[in-house]
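Residue numbers (the working numbering): 1 to 601.
It is worth saying that the hints were derived from the structure and are not from the lab.
Don't be surprised by glycine CBs; every beta carbon is placed ideally from N, CA and C.
Be a bit skeptical, because a hint or two may be false.
[What the hints assert, rightly or not] In silico lysine to aspartate or glutamate, EDC-like type, Cα no more than 16 Å apart, as pairs:
1. K154 with D481
2. K583 with E448
3. K472 with D414
4. K424 with D414
5. K498 with D530
6. K424 with E348
7. K498 with E395
8. K583 with D362
9. K583 with D516
10. K511 with E580
11. K498 with D531
12. K468 with D414
13. K583 with D510
14. K498 with E398
15. K472 with D416
16. K465 with D416
17. K151 with D481
[To be verified] Pairwise CB distance ranges, derived in the manner of DEER restraints:
18. T401 with Y552: 25 to 33 Å
19. L16 with Q517: 52 to 60 Å
20. T401 with Q150: 26 to 34 Å
21. I208 with P330: 29 to 37 Å
22. Q487 with L138: 33 to 41 Å
23. I15 with P303: 41 to 49 Å
24. I23 with Q508: 50 to 58 Å
25. H524 with T337: 44 to 52 Å
26. D541 with T13: 48 to 56 Å
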Amino acid sequence: MTRLSIQQILLITLILSLFSLMIWSQDFTQVAAGVALFLFGMTLLENGFKALSGGILERILKVSTARQSQSVAFGLASTTLMQSSSLVSLITVSFVSAQMITLAAGIGIIMGANLGTTTGAWLMAGFGLKVDIAAYALPLLVIGVLLQLQKGQKLRGLGAILLGIAFLFLGIHYMKLGFESLQGTFDLSAYAMTGLLGVLVFTLIGMIITTIMQSSHASLLIIISALATGQVSYENALALAIGANLGSTITIVIGAMAANAWGKRLAWSHVVFNIGTALIAIVFINVFVWLVDGLAGLLGIAPDNYLLKLALFHTLFNLTGVLLLWPFVPNLADGLTCWVSEKQVAREQPRFVLASAISSGDTARQAVALEVGHLFDNSYGLIAQGIGLRRSVIESEESLTTAVQNTRRFMPLDLDGDYEQKVKNLHNAIVEFIGQAQQQGLPESVTENLYQLRRASLNSVQAVKAIKHMHKNLVRYGVSDQAAVRQKYDMMRIALAKLLRALRRHMQADKPLPSDQMAAFFSHWQQQIDDTSRQVQAGLDQDIRQRALSAYIATSIMNDEMYWRGLANHLLLAMQLFNEAQKTSAKADNQSELDAVPPTF
Numbered sequence: 001m002t003r004l005s006i007q008q009i010l011l012i013t014l015i016l017s018l019f020s021l022m023i024w025s026q027d028f029t030q031v032a033a034g035v036a037l038f039l040f041g042m043t044l045l046e047n048g049f050k051a052l053s054g055g056i057l058e059r060i061l062k063v064s065t066a067r068q069s070q071s072v073a074f075g076l077a078s079t080t081l082m083q084s085s086s087l088v089s090l091i092t093v094s095f096v097s098a099q100m101i102t103l104a105a106g107i108g109i110i111m112g113a114n115l116g117t118t119t120g121a122w123l124m125a126g127f128g129l130k131v132d133i134a135a136y137a138l139p140l141l142v143i144g145v146l147l148q149l150q151k152g153q154k155l156r157g158l159g160a161i162l163l164g165i166a167f168l169f170l171g172i173h174y175m176k177l178g179f180e181s182l183q184g185t186f187d188l189s190a191y192a193m194t195g196l197l198g199v200l201v202f203t204l205i206g207m208i209i210t211t212i213m214q215s216s217h218a219s220l221l222i223i224i225s226a227l228a229t230g231q232v233s234y235e236n237a238l239a240l241a242i243g244a245n246l247g248s249t250i251t252i253v254i255g256a257m258a259a260n261a262w263g264k265r266l267a268w269s270h271v272v273f274n275i276g277t278a279l280i281a282i283v284f285i286n287v288f289v290w291l292v293d294g295l296a297g298l299l300g301i302a303p304d305n306y307l308l309k310l311a312l313f314h315t316l317f318n319l320t321g322v323l324l325l326w327p328f329v330p331n332l333a334d335g336l337t338c339w340v341s342e343k344q345v346a347r348e349q350p351r352f353v354l355a356s357a358i359s360s361g362d363t364a365r366q367a368v369a370l371e372v373g374h375l376f377d378n379s380y381g382l383i384a385q386g387i388g389l390r391r392s393v394i395e396s397e398e399s400l401t402t403a404v405q406n407t408r409r410f411m412p413l414d415l416d417g418d419y420e421q422k423v424k425n426l427h428n429a430i431v432e433f434i435g436q437a438q439q440q441g442l443p444e445s446v447t448e449n450l451y452q453l454r455r456a457s458l459n460s461v462q463a464v465k466a467i468k469h470m471h472k473n474l475v476r477y478g479v480s481d482q483a484a485v486r487q488k489y490d491m492m493r494i495a496l497a498k499l500l501r502a503l504r505r506h507m508q509a510d511k512p513l514p515s516d517q518m519a520a521f522f523s524h525w526q527q528q529i530d531d532t533s534r535q536v537q538a539g540l541d542q543d544i545r546q547r548a549l550s551a552y553i554a555t556s557i558m559n560d561e562m563y564w565r566g567l568a569n570h571l572l573l574a575m576q577l578f579n580e581a582q583k584t585s586a587k588a589d590n591q592s593e594l595d596a597v598p599p600t601f
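Take the sequences, apply the hints, and build the full model.
What follows is the structure, given as structure tokens:
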């Protein structure tokens, strides 16, 4: 059974279970609807901030991580503002993977993001459950929808933020109502557990809840709502909060699965930090409870105000984790760098340009042609990965436009390492082989043929170099929520994917294209490249004036269009040179056959 089918079965099972529970209990329906509204609100809030910032978050992240204190402050401030530690964590994974910030800086941001989640607990405990929050949601809903109908990207982003806040408020409201109603029909507090066993069991439950919902904020809301209505005891709520913290590591681990070694190192640092913090909180939970009671008195929090005391506990154990790990961040970064090693990609060995192939001009020419084809195949695969598509998609009959538009995520790839192992090494071998072959006194026609193949190899290499540069911005902007940005990058990706498909088919053909067909092919794709280039550049100035694009992102698009155009032209030229070399080789073979036929009289 495939992984996809297992996911489908689990999803169907979850839907049927929820549907059954909602039919069985109207109160559960209110709680479930509240969770759904809250999660939807968080999604809108994330999308709104991403659209409104126009890359500002990434720019601030890049320049605000010079010191560890700045990294922690950035993580704290950005998570407090957006109420989404997962968004901040995933952006940080991307930046660390691309080595735009150091691993130590990334760890600092993760620590700050953990602290930032505590602000959500304070807001929910101190405000969300004590007033009629739904009354504030409705005006925000109206204004948010009105702004969403506007054309300006910034206005729509602001509208998404207001809608997100409105749905957060509605989610809190319905969860509060649901738990209050549930209290009269089903008493969850009857299952309360005390002692170490209770702490461990409820920590596990909190972890499972967060893992399922992929949101520690939503988990905390459930915990606070259940505590407010007496459905869970204060002691068990503390354990649930510890579990929610642990469960939040799953999001970043999933996000880093496709990342390179640097992204995985950051994910492991998050796991180490959260597990370490959770262990400290569990082992010293009685000490933390004593500290919370003492601090609550100093802060004027009533002894029976368990909601605010839970928020204080959540802040206290996260702050303790940050303070304890702070001096050891450089050591942790060094340790993870050694422990999570770079994926060792086997150096691609030449298959055809071997010493035995230099015995004659014909064998040398054939060996180089086959090796250039080998190099082109590797280059083609890396470029396909670089634009976020699988080889199988390009080699199929699937719509490339649909495949590009359905892309949901770009994760950084180690294209530098792959280039060294799979492309440059082969090109070096080709150049060295041709140099050795020339010493054998080859005919001029063979030498010229080898030069053409070497130039074809070089152009393939240059194409891969271009995708290395372009891929970094595809990770950042390739699936941007800004329609103007996404459209520009989709244009380039679609055109390049179509070119790759066409080149692949011709490279696999049994015979080289005749000169007239090759000229028509080259002219057609040159026109396609020029047309796409004009479409990408068109309207950039207007988008900047109308604030649909920031100048920062617009210049990135201009640079990437230059890389893209160079990449496409290098691929075309590689194909043309390879085709010409194959034709020359075929003519030479035919002439050799004619020369071998004895004359008849």
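Original post:
Among the hints numbered above, which are violated by the structure, and what are their numbers in rising order?
Top reply: Structure breaks no hint.
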